[in-house]
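*Asks:* As a plain string of letters, each chain reads:
Protein chains: 2
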Amino acid sequence: MTTKRKRAGSADGAESGHSGHPVTMRDVAEAAGVSVATVSNVVNDKKSARIGADARQRVHDAVSDLGYRPNALAKTLSSGSSKFIGLVADAIATTPFAGQIIHGAQDEAWKHGFVLLVANTEGDPAAEEAAIAMMLEHKVRGVLYSTWFHRAVVPPEALRETDFVLVDCFEANSVAPAVVPDEVQGGYTATKLLLDAGHRRIAFINTTSSSPAQTGRLEGYHRALVEAGIEFDPALVLEAHPDQEGGYAVTAQLLQLNVAGVFCHNDRVAMGLYDGLREHGLTIPRDIAIAGFDNQEVIAAHLRPPLSTVALPHYELGAAGVRVLLGIDSAPTAGPLLVACPPVPRASI
Amino acid sequence: MTTKRKRAGSADGAESGHSGHPVTMRDVAEAAGVSVATVSNVVNDKKSARIGADARQRVHDAVSDLGYRPNALAKTLSSGSSKFIGLVADAIATTPFAGQIIHGAQDEAWKHGFVLLVANTEGDPAAEEAAIAMMLEHKVRGVLYSTWFHRAVVPPEALRETDFVLVDCFEANSVAPAVVPDEVQGGYTATKLLLDAGHRRIAFINTTSSSPAQTGRLEGYHRALVEAGIEFDPALVLEAHPDQEGGYAVTAQLLQLNVAGVFCHNDRVAMGLYDGLREHGLTIPRDIAIAGFDNQEVIAAHLRPPLSTVALPHYELGAAGVRVLLGIDSAPTAGPLLVACPPVPRASI
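For the protein sequence lines, the chains are A and B, in the order given.
For any residue, its number in my numbering is found by taking its place in the first sequence, counting from 1, and adding 261.
For any residue, its number in my numbering is found by taking its place in the second sequence, counting from 1, and adding 261.
Calculated from the structure, these hints are not laboratory results.
Keep in mind that this is a model prediction, so the values were computed, not measured.
Check the hints yourself; a few may be wrong.
One copy or two, it doesn't matter: identical chains are merged, so the pair holds either way.
[To be verified] Straight-line Cα separation of at most 20 angstroms, EDC-like style, residue types lysine to aspartate or glutamate; simulated pairs:
no.	residue 1	residue 2
1	Lys308	Glu432
2	Lys308	Asp590
3	Lys308	Glu492
4	Lys372	Asp385
5	Lys344	Glu398
6	Lys372	Glu383
7	Lys372	Glu577
8	Lys344	Glu291
9	Lys344	Glu488
10	Lys372	Glu390
11	Lys372	Glu398
12	Lys307	Glu398
13	Lys372	Asp590
14	Lys308	Glu390
15	Lys307	Asp536
16	Lys308	Glu540
17	Lys307	Asp322
18	Lys308	Asp536
19	Lys344	Asp590
20	Lys344	Glu383
21	Lys344	Asp306
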C-alpha cells in the first residue's frame, strides 16, 4: 500500500505504474536481448514467425519479470478476431436476475478467452440501439440479447449484423438461437413438491399476464396432477397480478377452495399470500402448504417459514447462451434450448 | 425479420451482415469516389489530414448509406486513448445493488464517450485479479472498484497500475479516491421521518456487524434526537443480525421498550420485524411506526404496509465514481466523497 499514485483524473494517470512509466515492448526486448519485432511475435503468438525456443523463453521470462502487459486491443486487430462478447440486458438495476445471467455468461466467456461487453438498457430502445452499435464497432464475436423475464421479443435489426443468441427470450416463428427456462418442467417440479408431501387437492395461482410462464407452468401443474392420477379441475386455477399485492388479494378466493396446498406463480405472489393467510390466522405449512417459483434472492429463503420453490436458472441461461454463441452447444433447430428449473425445498410444504 | 442469417457459432458468422459480407472501408471509398486513406482520415477524425468539405460530406453520406461501422478498436489504437472504463463488482448476481451501480456508471460513461468493461467477481480474489488484468490489457482509462455494501477494502495492488476510484467502499488512511453513501445523513433522515410524524420515543435496531453503516446510522439517529430536544437513551438501541431473521428475533426485546417508533438498520430487518409484530397482534403503523433503510427492490415497496425508508443511492454512486475518475468531479482530499441517501416515505409511519 506504500506505492505512491496519482489522483484519478490526472492527465497521464492512465500511464502511471509502479515504475512511474509503463513497461514497454522495448523494455522487454532489451531485457531479453532480442529485437522488438521478436517480442511482438512471441507476445502475439505469431505462429508464422521462426523464433528459437531459447529466445522465446527469454521473452516470456522478461515479460513476467518486468510485469509487461500486452495490449489486448492490438492483439485483437493483429489476429483479426475479437475477444469480446456483447451482452445486452434490460433490467440490471431492478432485479438480481440479470446479474445472474451476467455471472453465468462471464464465467463461460472467460473459460474460452472472451471478455464481456455488458450494456444495460432498462428496456429503453435508444439505449438498446446505442449498446448494439457500440458492440458492433468493437467487432464483438457475437451478442447475447437477454431479458430479465422469459418472453417473446422482436430482436433489433442491428443484431443481425453479427451472431446473436437470445437469452431468457425468443423470437416467434424464427430460427434465431435462443436459450430459455423450461417452464413446463418447472411447473411440474413445483407441483410435485406438494404431491410428494402427500397433498392431493392443490390449487395453482397463475399470473394474469400472458407469457410463456403463464402457459408453461400451468401445463406442468396439469401434467403432474394427471401423472398422480388426480383429475385436473379448472376451478382450482386462480389468477393474480404476479406480485405480493396480487398474492395477498387472492387470499379469500383461495380459502373458499379448501385446498391442502397451493402452487404460486412466483415467490412474490407467495410472499403476499403469506400475509393474507396470516391475517386469517392460518399457519404455513400446517394449515396450507405453499410452493413458489423463481427462488428469488432476498425473499424466498427469508420468509417465515422459508419458502419451498423452484429456481429460475439464470446463471445457467447466461452460460448456455455463450456456449451456443461459440458453437460449443447447439440450440435445437426448432424452438429454443430449454434449461431445467431445479427444485429448492425449504419449510413451506 | 425476413433477412436470412447464419446460425450463431458459424465460422464466418461474425462476418455476416445484411449484404452477406460486411461493409468495408473500400466499399465506402468507391461509393464516395475517394481513396481508402481519405475515408480512414474522415472516419478516424484525423484533424491533420487536409480534406475538402465536399469529399468529407461524400464520405459521411456513403458511410450512412452503406451502414459502414468504423472499427472502434482501430480508432482506440490510432488515437492512443482507450474508450474503456473498467468496473469491478463483487456481487452482481446476488443483489440488485451492484446492478444499480452499473446502471449509473454506464449512463455517465456513455455521456463522455466511454464504454464499460464490467467484471463480476462474487468476491473471489482470483476472479478479481483476472478481471483487473483483463482491464489493464484493454488499456482502460481507469477502473471503478465497487462493493455491494459500504465497507473498508484493501484495493488489489494491480489497480495501482491505472487510475481507479473506489465505489461504495474506501481504503483506510489513504488518499485513494472513493465515493460512498452518507450513512450519518441517512440515519438522520430515517429518524426524522419518525420524529416528523410526532413520535418521540424511538428505538434503533442496529446491526451486529461492525461497518460504516453501523456507526454512521447510529450517529445520524443520535443527531436527529438531540436536534429534536430528545435525550439519547442507549437502552433504546438494540442489535440484530442484519436480515429478516435478525429483525424477527429482536421483536420481544423491542416490545419491552414500549416505543412509538423504530428505525431499523435495513429493510430486511424491518421485514422480519413486521412478521414478529404481527405474531404479537400489533398493527403497523397504528401500534408502532417503522422506518427502514436501503429502499431494497422487491421488498420495501411490497411489504404490508409498504415500508417508509431511506434509499441507498447506488445509481448515483456509480455515476459519481465515473465523474471522479474522469476528473469531472473531484473527491475531497481527505476522506471519500459522500452521496446523500434520500427519504422514501410510504405507509409504515
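*Asks:* It remains to establish, for every hint, whether it holds in the given structure.
*Replies:* Quick rundown of the hints versus the structure:
no., hint, in the structure
1, Lys308 <-> Glu432, "neither (42 angstroms within a copy, 44 angstroms between copies)"
2, Lys308 <-> Asp590, "neither (29 angstroms within a copy, 47 angstroms between copies)"
3, Lys308 <-> Glu492, "neither (67 angstroms within a copy, 77 angstroms between copies)"
4, Lys372 <-> Asp385, "between (31 angstroms within a copy, 16 angstroms between copies)"
5, Lys344 <-> Glu398, "both (13 angstroms within a copy, 12 angstroms between copies)"
6, Lys372 <-> Glu383, "between (28 angstroms within a copy, 16 angstroms between copies)"
7, Lys372 <-> Glu577, "within (14 angstroms within a copy, 33 angstroms between copies)"
8, Lys344 <-> Glu291, "neither (29 angstroms within a copy, 30 angstroms between copies)"
9, Lys344 <-> Glu488, "neither (48 angstroms within a copy, 58 angstroms between copies)"
10, Lys372 <-> Glu390, "between (28 angstroms within a copy, 15 angstroms between copies)"
11, Lys372 <-> Glu398, "between (24 angstroms within a copy, 17 angstroms between copies)"
12, Lys307 <-> Glu398, "between (25 angstroms within a copy, 18 angstroms between copies)"
13, Lys372 <-> Asp590, "within (14 angstroms within a copy, 37 angstroms between copies)"
14, Lys308 <-> Glu390, "neither (38 angstroms within a copy, 28 angstroms between copies)"
15, Lys307 <-> Asp536, "neither (65 angstroms within a copy, 65 angstroms between copies)"
16, Lys308 <-> Glu540, "neither (73 angstroms within a copy, 72 angstroms between copies)"
17, Lys307 <-> Asp322, "within (18 angstroms within a copy, 38 angstroms between copies)"
18, Lys308 <-> Asp536, "neither (66 angstroms within a copy, 66 angstroms between copies)"
19, Lys344 <-> Asp590, "within (19 angstroms within a copy, 33 angstroms between copies)"
20, Lys344 <-> Glu383, "neither (26 angstroms within a copy, 22 angstroms between copies)"
21, Lys344 <-> Asp306, "within (15 angstroms within a copy, 26 angstroms between copies)"
Taken one by one, the earlier hints fail for this structure at numbers 1, 2, 3, 8, 9, 14, 15, 16, 18, 20, listed in ascending order.
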